[in-house]
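Enquirer: The lines below spell out each chain.
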Amino acid sequence: MAKIKLKRSSPHVDMTPMVDLFSLLLTFFMLTTSFRPQEAKVIDSPSSVSEKASPDKNVITVLISKDNLVFFNMDNGKDTASHFRSKLVTEIAKRYNVSLTPKDLKTFEQASSFGMPINKIKAWLNEKDAKRKEEMQTGIPIDTIGTQLPELGEWVRFARILNQTAEVSIKGDAQSHYKTIKKVMDVMQENNVNKFNLVTYLQKQETTMEDVKNIK
Amino acid sequence: MAEIIENDSGAKKGGGRRSPRKMGAHIDMTPMVDLMCLLITFFMLTTAFSKPKVMDITMPERDTKDAPQNKVDAKRTYSILLTEDRVYWYYHADVPDGAPESTIPTVDKWHKTDFSKDGLRKVLLAKNKLIIEEILTLKDKVKKGELVMSDDSLNSKIRAIKKKYSVAKKTNTFLIKADENAIYKNLVSVIDEMAIANISGYAIVDLSKEEKEMLKTAPK
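Note that the protein sequences, when read in sequence, are chains A and B. The opening position of the first sequence corresponds to residue 1 in our numbering, with each subsequent residue numbered one higher. The opening position of the second sequence corresponds to residue 1001 in our numbering, with each subsequent residue numbered one higher.
Do not take every clue at face value.
[What the hints assert, rightly or not] Result set (SDA-like, lysine to any residue): computed pairs, CA atoms no more than 20 Å apart in a straight line:
id: 1; chain 1: B; residue 1: 1122; chain 2: A; residue 2: 215
id: 2; chain 1: B; residue 1: 1053; chain 2: A; residue 2: 174
id: 3; chain 1: A; residue 1: 52; chain 2: B; residue 2: 1059
id: 4; chain 1: A; residue 1: 213; chain 2: B; residue 2: 1084
id: 5; chain 1: A; residue 1: 183; chain 2: B; residue 2: 1135
id: 6; chain 1: A; residue 1: 213; chain 2: B; residue 2: 1135
id: 7; chain 1: A; residue 1: 195; chain 2: B; residue 2: 1122
id: 8; chain 1: A; residue 1: 204; chain 2: B; residue 2: 1095
id: 9; chain 1: A; residue 1: 182; chain 2: B; residue 2: 1058
id: 10; chain 1: A; residue 1: 87; chain 2: A; residue 2: 68
id: 11; chain 1: A; residue 1: 120; chain 2: A; residue 2: 79
id: 12; chain 1: B; residue 1: 1162; chain 2: A; residue 2: 212
id: 13; chain 1: A; residue 1: 182; chain 2: B; residue 2: 1117
id: 14; chain 1: A; residue 1: 66; chain 2: B; residue 2: 1179
id: 15; chain 1: A; residue 1: 179; chain 2: B; residue 2: 1181
id: 16; chain 1: B; residue 1: 1122; chain 2: B; residue 2: 1179
id: 17; chain 1: B; residue 1: 1141; chain 2: B; residue 2: 1113
id: 18; chain 1: A; residue 1: 179; chain 2: B; residue 2: 1179
id: 19; chain 1: A; residue 1: 52; chain 2: B; residue 2: 1133
id: 20; chain 1: B; residue 1: 1220; chain 2: B; residue 2: 1105
id: 21; chain 1: A; residue 1: 179; chain 2: B; residue 2: 1058
id: 22; chain 1: B; residue 1: 1162; chain 2: A; residue 2: 209
id: 23; chain 1: B; residue 1: 1144; chain 2: A; residue 2: 67
id: 24; chain 1: A; residue 1: 179; chain 2: B; residue 2: 1059
id: 25; chain 1: A; residue 1: 213; chain 2: B; residue 2: 1140
id: 26; chain 1: B; residue 1: 1122; chain 2: A; residue 2: 120
id: 27; chain 1: A; residue 1: 52; chain 2: B; residue 2: 1047
[Claimed, not checked] Over 10 Å on every C-beta distance to chain A, these chain B residues come out as not near it, computed from the model:
id: 28; residue: 1033
id: 29; residue: 1046
id: 30; residue: 1051
id: 31; residue: 1088
id: 32; residue: 1103
id: 33; residue: 1108
id: 34; residue: 1137
id: 35; residue: 1148
id: 36; residue: 1152
id: 37; residue: 1161
id: 38; residue: 1185
id: 39; residue: 1196
id: 40; residue: 1213
Calculated from the structure, these hints are not laboratory results. Because the structure is a prediction, the values reported are computed rather than measured. Glycine included, each C-beta is placed from N, C-alpha and C at the ideal position.
Could you build the full structure based on these sequences and the hints that come with them?
Expert: Here's what the structure looks like:
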């Protein structure tokens, strides 16, 4: 039998171009991703056909969790030097006679959504244990108690004063109760926020001519 | 892989050991490539899916209690009621002749529906048929290339169609009313159905006392 002379080639494939490309892609993705800080609670938003993308800067977000707790979030705006978050918390703390140290403010600035009465905020900021921290989130008060306006209203009002270009988004869990959403919407309207975004995820639905023709 | 080569060379050279092969400048990059693949996949997946969408809601301005309320013609008004996970609708003019204007149709005139394709959507499409047909014809023309226009001008054209009908008083108004036990998801679904059916005349309003009572007796 004639021996077929196989060309002896080294099993090593030159991976340099591939590695080059990979590092490029990796760098690209790493730089473009912006990591969202962990939200206070996992929120499963309902679906809709809306294709409008949610803005990622200049937003005031009110989150409503599955167990009807209300959380608040506001970003620092396009320019981190504006320090909207620390200004906001200073203002609110002043109104409710809560004193915060510069260290507290710094921690607050880097945090994301939060949900607790203002008098608990200092303890929350100083808590190191993640589990305890989560337990402390009992929601922002949304009810009017006596003559005292709901705290959420104060947060929204000052946030809007500080960042006038901010849009207001409501991110509710699909299973949350309309009762809570309604209260949040009422608080918004009391503060003259009549236009807001409901955060949803996209689920396309098409209506065709046939669908319409078949109806009656 | 390396073993195959050794066998191969062994057969040829009759077991004679060669001086250790000169190592080229090749470094085994496999683990590095593996890791990079993994990282890229991770970043790609996390970037692509973390973009939530929003839908606009404009609520009527408060502090207009003294101002005259926008009166809507009962003949062109429908109410959609939400409680727990159920949804009902009724037609405001579905009352006996000569009844006062604010009369709410009795519960037996209410229709129970759902959020499937044949539920609320069918109802809404039927009530807004004229507009949808015109919009879909327009969209079809654009799709087939008979009409060339940008997305922006298409959208403004659609708005113009809606306006035309609303000025001609051929549109229906839908009032969305949810009670305290309703789930947020259903509210969003109703608003979404409005968007699907191209209805722009809708509002989220409170339930009246009578309606709240009637909702309790409505068939489950």
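Enquirer: Run every hint past the structure and note whether it holds.
Expert: The hints, checked one at a time:
Distance hint between residue 1122/B and residue 215/A is fulfilled; the C-alpha atoms sit about 7 Å from each other, no more than 20 Å. For the given pair, residue 1053/B sits about 14 Å from residue 174/A by alpha-carbon distance, which is consistent with the 20 Å threshold. Between residue 52/A and residue 1059/B, the direct Cα distance comes to roughly 18 Å. Compliance with the 20 Å bound is thereby established for this hinted pair. Distance check on the hinted pair: residue 213/A and residue 1084/B sit about 32 Å apart at the alpha-carbon level, beyond 20 Å; violated.
Simply put, residue 183/A and residue 1135/B have alpha-carbon atoms about 37 Å apart, too far for the 20 Å limit, and the pair is violated. For the hint linking residue 213/A to residue 1135/B, the alpha-carbon distance of about 13 Å falls within 20 Å, and the restraint holds. Proximity of residue 195/A to residue 1122/B is assessed by CA-CA distance (about 29 Å); at most 20 Å being required, the pair is judged violated. With a C-alpha separation of about 38 Å, the suggested pairing of residue 204/A with residue 1095/B is violated against the 20 Å cut-off.
Proximity of residue 182/A to residue 1058/B is assessed by CA-CA distance (about 14 Å); at most 20 Å being required, the pair is judged to hold. The hinted pair formed by residue 87/A and residue 68/A fails the criterion: a straight-line CA distance of about 28 Å is larger than 20 Å. With a CA separation close to 29 Å, the supplied pair residue 120/A and residue 79/A exceeds the 20 Å bound. Restraint check for residue 1162/B and residue 212/A: satisfied, since their Cα atoms lie roughly 17 Å apart, inside the 20 Å limit.
Distance hint between residue 182/A and residue 1117/B is unfulfilled; the C-alpha atoms sit about 27 Å from each other, more than 20 Å. Taken as a hint, the residue 66/A and residue 1179/B pair is honoured in the structure, with Cα atoms around 18 Å apart against an allowance of 20 Å. Distance restraint check for residue 179/A and residue 1181/B: the Cα-Cα separation of roughly 7 Å lies within the 20 Å cut-off, and the hinted pair is therefore satisfied. A threshold of 20 Å between alpha carbons decides the hint, and for residue 1122/B with residue 1179/B the separation of about 23 Å lies outside it, so the pair is violated.
Taking the CA atoms of residue 1141/B and residue 1113/B, the gap is near 33 Å; set against the 20 Å cutoff, the hint is violated. Between residue 179/A and residue 1179/B, the direct Cα distance comes to roughly 7 Å. Compliance with the 20 Å bound is thereby established for this hinted pair. Using a Cα cut-off of 20 Å, the hinted pair residue 52/A and residue 1133/B is violated, with the two alpha carbons roughly 24 Å apart. Only pairs whose Cα atoms come within 20 Å are accepted, and residue 1220/B paired with residue 1105/B is accepted, the gap being roughly 18 Å.
Between residue 179/A and residue 1058/B, the direct Cα distance comes to roughly 19 Å. Compliance with the 20 Å bound is thereby established for this hinted pair. In summary, the hint linking residue 1162/B to residue 209/A is supported, as the alpha carbons are separated by about 17 Å, within the 20 Å threshold. With a CA separation close to 49 Å, the supplied pair residue 1144/B and residue 67/A exceeds the 20 Å bound. Of the supplied pair hints, the one linking residue 179/A and residue 1059/B holds, its CA atoms being roughly 17 Å apart against a limit of 20 Å.
Under the criterion of a C-alpha separation no larger than 20 Å, the hint pairing residue 213/A with residue 1140/B is consistent with the structure, at around 14 Å. Between the alpha carbons of residue 1122/B and residue 120/A the distance comes to roughly 50 Å, so the proposed pair goes past 20 Å and is violated. Taken as a hint, the residue 52/A and residue 1047/B pair is honoured in the structure, with Cα atoms around 17 Å apart against an allowance of 20 Å. Its closest Cβ contact with chain A, about 6 Å, brings residue 1033/B to no more than 10 Å, contrary to its assignment away from the interface.
With 10 Å as the threshold on Cβ separation, the claim that residue 1046/B sits away from chain A is violated: the shortest Cβ distance comes to roughly 6 Å. For residue 1051/B, the condition that its CB be more than 10 Å from all CB atoms of chain A is violated, with the nearest at approximately 6 Å. Chain A leaves residue 1088/B outside its interface by the beta-carbon criterion, the shortest separation being 15 Å against a cut-off of 10 Å. The beta carbon of residue 1103/B is kept farther than 10 Å from every beta carbon of chain A, the shortest such distance being approximately 26 Å.
Under the 10 Å C-beta cut-off, the non-interface status given to residue 1108/B relative to chain A holds; the minimum distance is some 22 Å. The Cβ of residue 1137/B sits about 8 Å from the closest Cβ of chain A, inside the 10 Å cut-off, so the non-interface label is violated. Here residue 1148/B stays apart from chain A, with its beta-carbon at least about 20 Å from theirs, past the 10 Å limit. A cut-off of 10 Å between C-beta atoms confirms that residue 1152/B is not in contact with chain A; the least separation is 14 Å.
Consistency note on residue 1161/B: stated as away from chain A, and its beta-carbon is indeed over 10 Å from all of that chain's, at 14 Å minimum. A beta-carbon of chain A comes within 10 Å of the beta-carbon of residue 1185/B; the shortest separation is about 4 Å. Listed as outside the interface, residue 1196/B is inconsistent with that label: its C-beta sits roughly 6 Å from the nearest C-beta of chain A, within the 10 Å cut-off. Listed as outside the interface, residue 1213/B is consistent with that label: its C-beta sits roughly 18 Å from the nearest C-beta of chain A, beyond the 10 Å cut-off.
Checked against the numbered hints given earlier, this structure breaks hints 4, 5, 7, 8, 10, 11, 13, 16, 17, 19, 23, 26, 28, 29, 30, 34, 38 and 39; the rest are met.
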